[in-house]
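Peer 1: Protein chains in written order, with my numbering: chain C, 504 to 721; chain P, 3 to 759.
It is possible that part of the hints are untrue.
Unchecked claim - DEER-style ranges, computed between Cβ atoms:
#, chain 1, residue 1, chain 2, residue 2, range
1, P, R574, C, E593, 37 to 47 Å
2, P, P87, C, T666, 50 to 60 Å
3, P, P87, C, A571, 41 to 51 Å
None of these hints come from the bench; they were simulated from the model.
Remember, predicted model here, so these are calculated numbers, not experimental data.
Beta carbons are placed, not taken as given, at the ideal position from N, Cα and C, and that holds for glycine.
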Amino acid sequence: MMFNISAMLEEIKASPYEEIAVRAPHSGFATFPDGLAPGAAVSGPAGEFREKPGTLLACIERERNPRAVTCPERGEIVAVHRELHGSFVEAGTELVRFRHFLSRGEVEARILKKALHLFLAPERARYYFIPAQDIKIKTAGPRSVSVREGDELFIMSRMKRETPLRYSGPEGILYAVYFSHAADVDARDPLIGVCPPDLVEQVEEVVVRVRTEWKEKF
Amino acid sequence: METEKQVQRLNERLTYIRDIFAGKDSGHIRLLDAKTADYAQRAPGLNARERRALALALEDLFADVENKLEADLTPMDKVRIVRHPQRFCLRDILENVYDGYTEIGSMDDHSIDPAMVIARGFITRRRGKRVTNQSVMIVGHEKGRGEEFRNGGSAKPWGNAKALHYMKVAETENIPVHAYVFTPGSYPIEDTPGAAQQIAANIYGMASLRVPVIAVISEGGSGGAEAVALADRRLMFSHGYYSVISPEGAAAIEGKPGPGGRVPAELVEQCALRMKITAEDNLRMGYVDQIIPEPDLGARPYHYDFFRGLRRELLRVTDEVSISVRGLPLFRALRLRGRRRSAAAGRDFESSYVRWNLPPSAQMRLVSRRHLKFRGLSLSAALDRTPLSRRIASVWQEACWIIYSRFRHDMLQKRRQKVSEYMEEVKSDWTLFFERALTPLRKLAAWFGRASERMSVETVRTLTELSEWNDTQENQRGGRWAYISAGAGEDRAVSCPNAGIHGCLDQWAPDLYGEFAGVCPNCGHHFPMEYQWYLHNVFDAGSLVEFAADVEAGNPLGMEDFGAKLEASRKRTGHKSACMVFEARIKGVRLVVAMLMADFRGGTVGAAEGEKFIRAAERAGRMRFPFFAYVHGTAGIRIQEGTNGLIQMPRCTMAVRRYIDAGGLYIVCYDTNSYAGPVASFLGCSPYQFGIRSANVGFAGPAVIAETTGLPVPPHYHNVYKALARGHIQGIWDRRELRFNLSRALLTMGGRNLYYR
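Please construct the entire structure, taking both the sequences and the accompanying hints into account.
Peer 2: Structure (structure tokens):
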């Protein structure tokens with residue numbers, strides 16, 4: 504399995520955004536707020552609990568029940584389908600299209616997601632490396648450990664019951680560790696990212712380039 | 003060195019004056035400023051005698067100016083005085099009033115709540131050669147002087163719990179409690195326990211504390227103050243304030259500055275003035291018993307005469323409370339009169355001795371007097387427009403009920419119970435004898451095969467056929483609701499607020515507010531409904547009999563425009579207050595109900611609502627009926643009534659306590675939004691509290707919590723599920739099952755005196 508990571512980065516650089524179409528959640532009469540035009544900056548849900556809704560993009564009224572359609576992410580408006588203003592639209596009709604510019608973290612995550620194999624937590628528990636690997640990681644760093652299918656790698660600890668857990672996936676080097684000591688990890692959250700040995704250098708290089716070169720728009 | 007210290011002291015005094023008058027331009031302050039600067043400049047060049055003379059002259063000038071400024075103090079200036087870091091605090095009282103003390107459970111910030119300090123103290127009295135140390139439990143808020151960990155005296159729920167715990171310890175040890183109130187309000191956090199939950203527990207506990215309690219108020223901020231200030235005597239420092247809300251809070255409500263906005267200082271001043279928060283105002287209204295004078299511009303830690311005066315008053319008042327309940331009534335009165343004469347003549351009570359521990363009979367009298375005292379407060383703040391004829395009829399009816407209840411429940415019931423127990427014993431003996439006598443005959447009949455037991459056709463049918471589901475709640479109400487919400491009349495769709503999470507479909511309003519009773523059929527979210535829905539769908543049809551309907555909410559502080567607002571509410575709702583009290587039936591079981599309606603001024607509680615609530619609790623007690631409080635919604639105590647509203651917290655809680663202690667069953671059910679004072683007192687003290695699904699219960703709203711604590715408030719912070727998880731309420735009910743659940747609750751829980759049990 505080979506990736507051309509540089510090409511992937513160039514591809515992201517060429518279009519450093521994700522274009523998101525906001526569609527009508529249900530049928531109804533659509534109206535758009537004044538001042539919403541291509542080029543306008545919009546924001547997504549805010550607040551510590553994401554309790555404050557994003558910018559109002561449109562309003563769909565059905566059976567005298569107006570419902571606000573708000574922006575799910577921050578970005579910049581590309582198109583507003585004002586021709587639909589005041590007219591009846593079907594569910595799924597595109598109302599607004601906006602560009603969400605990728606942040607440094609998002610780009611890094613996107614590349615790593617494609618390049619690394621993520622080993623996920625089977626259930627909510629605390630995870631530890633087995634002592635032999637733990638010493639290795641602590642002394643020489645995670646990349647000193649290579650793993651292969653069936654290796655006993657973790658201890659899953661839950662309610663004072665400890666169960667050994669074997670790695671399953673392609674052979675490779677432990678590139679990233681996503682859990683911390685004595686903290687609970689939810690089921691399906693990644694525990695480690697494993698990188699094929701021949702890709703390690705490339706991945707490292709790209710990550711450094713992203714961190715230094717990537718300019719965030721907002 | 004001495005000069006520098008002197009200059010520093012004078013500068014501190016000047017800073018204090020400047021802070022209190024907060025930027026008000028005064029010639030007096032400018033004069034002091036100039037004279038202090040002059041002294042600082044000239045003093046180093048003078049000899050010791052000249053310097054002392056100059057310093058004395060300057061101190062005299064300060065005293066003179068302070069005396070002149072004292073006359074100009076506004077209520078808001080007094081608020082600034084009690085909050086000033088130079089004002090005396092509880093630690094100064096402990097050091098200067100008591101002869102010795104041991105702080106309990108705290109050492110600076112090493113405490114469960116440094117804002118609440120508990121100490122066991124003693125006062126030494128000498129009669130000739132005999133020395134007696136009289137113990138007291140001291141409970142109070144500690145503001146500290148700029149110590150951040152004290153939180154400005156804003157006690158957390160666990161601080162209040164500690165205070166209650168040690169008041170109970172004082173009860174066990176039979177020693178009086180001295181409670182000092184130095185709080186701007188309680189710390190509005192919902193934890194385990196929540197602020198409201200704990201304040202309610204405190205007030206409920208203090209209502210019947212069997213030892214003398216003396217409260218002294220410096221800064222009496224709302225519920226935080228009530229958590230420790232329910233007392234037999236309430237004293238107040240002359241420069242203190244006691245209020246339902248801070249003047250800034252009242253101004254924010256009045257001025258509505260919006261998020262991040264500030265209210266003008268003039269409006270804050272006006273609010274402080276209008277709300278009648280000073281010691282004189284509270285004495286006039288009867289909410290404190292006595293004012294303790296302070297030096298000009300308020301006492302500071304170096305005013306030792308003030309502490310001596312405070313000690314003298316505390317001794318006198320604690321003695322008086324003890325004397326007033328012990329011994330024979332005639333001697334009590336004579337002794338009290340004698341002491342009052344002595345006090346007026348300026349006699350010091352240091353050398354006299356009065357026992358502060360009370361025998362059981364005196365303890366009972368003490369508690370009963372405390373209840374009587376609070377029952378009599380704020381009566382003139384509500385307007386009772388009941389016609390004389392109806393009042394006479396009501397008094398007559400009450401008397402009849404008392405006689406009937408005494409006869410039926412106290413006399414007849416007890417005898418009937420004895421007779422029934424006797425009859426049961428006779429019956430069981432007779433059955434045993436009869437069975438033994440018949441056994442040979444039965445055996446004989448069986449032998450002849452003539453006595454085969456035959457089941458009735460109906461029994462056979464019920465045992466052999468599938469049962470029908472014909473006893474559902476829906477069938478019981480005939481498949482329809484007795485009252486349909488006005489919302490059902492609109493032709494529109496309604497979106498569930500949980501649609502984004504649970505994918506609930508839009509509902510057509512006639513369905514949602516009609517058949518579904520305002521409940522989302524997908525996620526169970528309860529949309530708010532009118533209180534009329536409950537009146538018609540929960541209680542038996544035609545069983546409602548309202549009483550005390552003519553007790554009317556008033557405007558006791560004469561707030562500008564408030565009369566017109568009240569009138570508008572009266573016209574819109576057809577009610578004279580936010581509380582409706584009535585008798586009703588549920589499946590034939592009679593009960594007394596008090597309902598707080600969100601439609602009338604947000605369901606806020608003032609003197610009229612409190613009075614009606616108390617009358618309802620008393621009626622339930624007289625009639626031996628269960629008492630049900632249905633809270634359609636309440637925003638708290640009505641701030642426009644000031645302390646007249648605040649005092650309803652202890653008043654109503656005490657009424658509830660009397661009712662529960664007399665053997666009644668008190669159930670509370672919260673709907674929509676219930677916050678602040680009522681929840682932190684007479685509602686939150688019930689042992690059986692339930693919430694209608696999707697309701698919110700708590701102390702302060704999210705905006706107030708965020709502003710006061712600086713902590714972010716997560717969504718659904720006040721939801722009933724959270725209230726259930728932290729132990730505030732005991733269950734969550736579906737609106738559609740309220741009638742069934744309430745009926746079952748009436749039959750399965752409750753006090754010993756309920757007539758139907």
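Peer 1: Quick check on a hinted range of 41 to 51 Å for P/P87 and C/A571, using CB atoms only.
Peer 2: At 48 Å between Cβs, range holds.
Peer 1: Do the beta carbons of P/P87 and C/T666 sit within 50 to 60 Å of each other?
Peer 2: 58 Å, holds
Peer 1: Using the beta carbons of P/R574 and C/E593, state whether their distance is inside 37 to 47 Å or not.
Peer 2: Since P/R574 and C/E593 have Cβ atoms about 43 Å apart, the given range 37 to 47 Å holds.
Hint compliance for this structure: no hint is broken.
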